[in-house]
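> Produce the entire structure from the sequences given, and follow the hints as far as they go.
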Amino acid sequence: FGETAQQGIIREVKEEASLEFNPKFLGYRDEIYPKIDWHGEVLLFYGEAIGSEKVDGKEILDFKWVPLQEAAKMKLAFEHEKSIQIYLKLKNSLH
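In this text, residue positions in the sequence shown follow the numbering used here: the first is 409, and each later residue adds one.
Think of the hints as simulated: they come from the structure by calculation, not from any bench.
Careful, some of the hints might be misleading.
[Said to hold, decoys possible] Below, simulated DSS-like cross-link-like pairs (lysine-lysine); rule was C-alpha separation at most 27 Å, straight line:
{"#": "1", "residue 1": "Lys-422", "residue 2": "Lys-490"}
{"#": "2", "residue 1": "Lys-432", "residue 2": "Lys-483"}
{"#": "3", "residue 1": "Lys-432", "residue 2": "Lys-499"}
{"#": "4", "residue 1": "Lys-483", "residue 2": "Lys-462"}
{"#": "5", "residue 1": "Lys-481", "residue 2": "Lys-432"}
{"#": "6", "residue 1": "Lys-490", "residue 2": "Lys-472"}
{"#": "7", "residue 1": "Lys-422", "residue 2": "Lys-432"}
{"#": "8", "residue 1": "Lys-443", "residue 2": "Lys-481"}
{"#": "9", "residue 1": "Lys-422", "residue 2": "Lys-462"}
{"#": "10", "residue 1": "Lys-432", "residue 2": "Lys-472"}
{"#": "11", "residue 1": "Lys-462", "residue 2": "Lys-490"}
{"#": "12", "residue 1": "Lys-472", "residue 2": "Lys-499"}
{"#": "13", "residue 1": "Lys-432", "residue 2": "Lys-462"}
{"#": "14", "residue 1": "Lys-481", "residue 2": "Lys-462"}
{"#": "15", "residue 1": "Lys-483", "residue 2": "Lys-422"}
{"#": "16", "residue 1": "Lys-483", "residue 2": "Lys-499"}
{"#": "17", "residue 1": "Lys-472", "residue 2": "Lys-497"}
{"#": "18", "residue 1": "Lys-472", "residue 2": "Lys-462"}
{"#": "19", "residue 1": "Lys-497", "residue 2": "Lys-432"}
{"#": "20", "residue 1": "Lys-483", "residue 2": "Lys-472"}
{"#": "21", "residue 1": "Lys-483", "residue 2": "Lys-497"}
{"#": "22", "residue 1": "Lys-483", "residue 2": "Lys-443"}
This is the structure:
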């Protein structure tokens, strides 16, 4: 509470991966799950992350980096692969 979406993504990337992040807003998408009566708005950011990743062992037990094309084909939680697909479609026009 009390922070902008941009401030929140900077904080979360720092907390979860120990990386500095300079976000640029890409857009948003809806996540609608009628079976559990839930509707969320996903804000999409892209940008450069700086530092060497070190994940928070309290919340994240295992991770690995994969190429974006591979991640876009994976079945990810909350259909996050759709967010990656949006980025991949637009990435050449972003600057």
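> Can you list which hints this structure breaks, lowest number first?
none
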